[in-house]
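Residue numbers (the numbering used here), protein chains in the order written: chain A, 18 to 272; chain B, 96 to 211.
When the alpha-carbon atoms are kept at most 25 Å apart in a straight line, the in silico SDA-like pairs for lysine to any residue are as follows: (1) K95/A / T129/B; (2) K168/B / M48/A; (3) K95/A / F149/B; (4) K145/B / D79/A; (5) K95/A / H140/B; (6) K172/B / S37/A; (7) K144/A / I124/B; (8) K250/A / A122/B; (9) K120/B / D138/A; (10) K145/B / S71/A; (11) K95/A / L126/B; (12) K145/B / E98/A; (13) K120/B / P140/A; (14) K168/B / T126/A; (15) K198/B / P74/A; (16) K120/B / L147/A; (17) K45/A / T182/B; (18) K198/B / T65/A; (19) K45/A / V161/B; (20) K250/A / I154/B; (21) K198/B / Y89/A; (22) K168/B / S54/A; (23) K95/A / F76/A; (24) K168/B / E246/A; (25) K120/B / T267/A; (26) K114/B / G243/A.
In short, the hints are calculated from the structure, not lab data.
The primary structure of each chain is shown beneath.
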Amino acid sequence: MSHSTATTVSSRSVWDGGVSPMGVSYGKLMMWFFLLSDAFTFSGLLITYGLIRSQHPAFTGDHHAFVFSHDYWPVPEKVFEAVPFLHGVELPLVFVGIMTFVLIMSSVTMVLAVEAGHRMDRPAVEKWMLWTILGGITFLSCQAWEWTHFIVGTEGGTTIKEFVNGAWTNRTIYGANLHENQYGPHAFADFFFFITGFHGFHVFSGVMLNFLIYYRTVTGMYDRRGSYEMVEKVGLYWHFVDLVWVFVFTFYYLV
Amino acid sequence: MAHHSHEPQVVVLPPNKEKIAQLWKVAGILLVITIFEFIVAFAMHPGALKTSIFVVMTIVKAFFIVGEFMHLKHEAKVLIWSILIPTVFIIWMLVAFVYEGMKMSDINFLRPLFNY
Numbered sequence: 018m019s020h021s022t023a024t025t026v027s028s029r030s031v032w033d034g035g036v037s038p039m040g041v042s043y044g045k046l047m048m049w050f051f052l053l054s055d056a057f058t059f060s061g062l063l064i065t066y067g068l069i070r071s072q073h074p075a076f077t078g079d080h081h082a083f084v085f086s087h088d089y090w091p092v093p094e095k096v097f098e099a100v101p102f103l104h105g106v107e108l109p110l111v112f113v114g115i116m117t118f119v120l121i122m123s124s125v126t127m128v129l130a131v132e133a134g135h136r137m138d139r140p141a142v143e144k145w146m147l148w149t150i151l152g153g154i155t156f157l158s159c160q161a162w163e164w165t166h167f168i169v170g171t172e173g174g175t176t177i178k179e180f181v182n183g184a185w186t187n188r189t190i191y192g193a194n195l196h197e198n199q200y201g202p203h204a205f206a207d208f209f210f211f212i213t214g215f216h217g218f219h220v221f222s223g224v225m226l227n228f229l230i231y232y233r234t235v236t237g238m239y240d241r242r243g244s245y246e247m248v249e250k251v252g253l254y255w256h257f258v259d260l261v262w263v264f265v266f267t268f269y270y271l272v
Numbered sequence: 096m097a098h099h100s101h102e103p104q105v106v107v108l109p110p111n112k113e114k115i116a117q118l119w120k121v122a123g124i125l126l127v128i129t130i131f132e133f134i135v136a137f138a139m140h141p142g143a144l145k146t147s148i149f150v151v152m153t154i155v156k157a158f159f160i161v162g163e164f165m166h167l168k169h170e171a172k173v174l175i176w177s178i179l180i181p182t183v184f185i186i187w188m189l190v191a192f193v194y195e196g197m198k199m200s201d202i203n204f205l206r207p208l209f210n211y
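Same shape as in the complex, but just chain B:
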């Protein structure tokens, strides 16, 4: 096996048990939240409260995925803010567009245009 002599000497470290346990804990949290969402989906009647619960649960899940899995929580402050601040535009867009949609539904003469 002559070509093995070209392979670099790689030092393999033992598994970081603490970190791996933390990752599985985050996975457990994500699964519990998803199961909770399922229960809410069938236990509650549609309404503003149900929608708010889903939105909050989604943001909590996003926090764990971005913060722990994507490691953003442990990066430099300036990187965290560079990623988070621009998402303000998304929130504005959401509010503006959904409000616009509700107003459009009030204008009945537009209905034939939307084919329903």
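Chain A with its partners taken away, still in its complex shape:
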């Protein structure tokens, strides 16, 4: 292959080394591919939800006459209709709407922190990172309330008929856990805990990372380094968490 050594620099492929063909740093590229793999994980969860849901019968009666039953998949807006401090008031999907709003807003403040980082504007990065952390903590608090409400259940509970020791008996179930579920088939509660739990864990990790970035900004680490690119990388993760919630919101609460 002695002839090929005569090739000039200009005819080299961008993949031969020395340049970044994708135009981003190694860290950012790896964050993108990590997020792609994470998207597959969340898709696995949400699609399995779709599989299990579509093999259960849907509720076909009048919308207002809906009652919880193990015989069909529940209508989500009938399950998630409570709002803190408004006990007994039916407000379907309002609380989850507030949670969506909080997460989208924290995504906006994150992208403003990234913009400030591009300009090496430390006080602005600090300000927007704090807002983002606050948004994340607010979201997690909302989720804690929603889980509590889901687990404790409604006041009256749901009375089910079951066949015990050769006789049909009535039993009232309150709330949901991994063993029983007053709102509908077991799988509905299982998926609620798994999907929103896995997402909530991502939000929790995101808040931790955001705090780390905030701490390093305050201590001047990125000024010394001469680049705020870490804000961008963690920003990508945070936006992804928001993106997943958009899908969870649609496929778990709306559809």
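For chain A, the structure is supplied; the task is to place chain B on it using the hints.
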């Protein structure tokens, strides 16, 4: 304050007003879509059309989050495709699994296994 002499000289640029205005515009679009979804959730009866509206709205929101917030729209073409093409598998998985689930619901003898 002797330790300040070790701090590097950092040049802070003024805010990019145009870019910030664009970001707030995207945020506004996302909020409007979410409010629209709420209206649809209560104004329409369940059905294929309602579900399609939600799916389309979700994809539109995803486009803005990934494209603008995550900046993917403005990256190199090869990066955009490296991220987008693999998601084809997700779409296939969705179609295959939901179809499978609907078929399983037709097989009544399986019902006792699923405990309902």
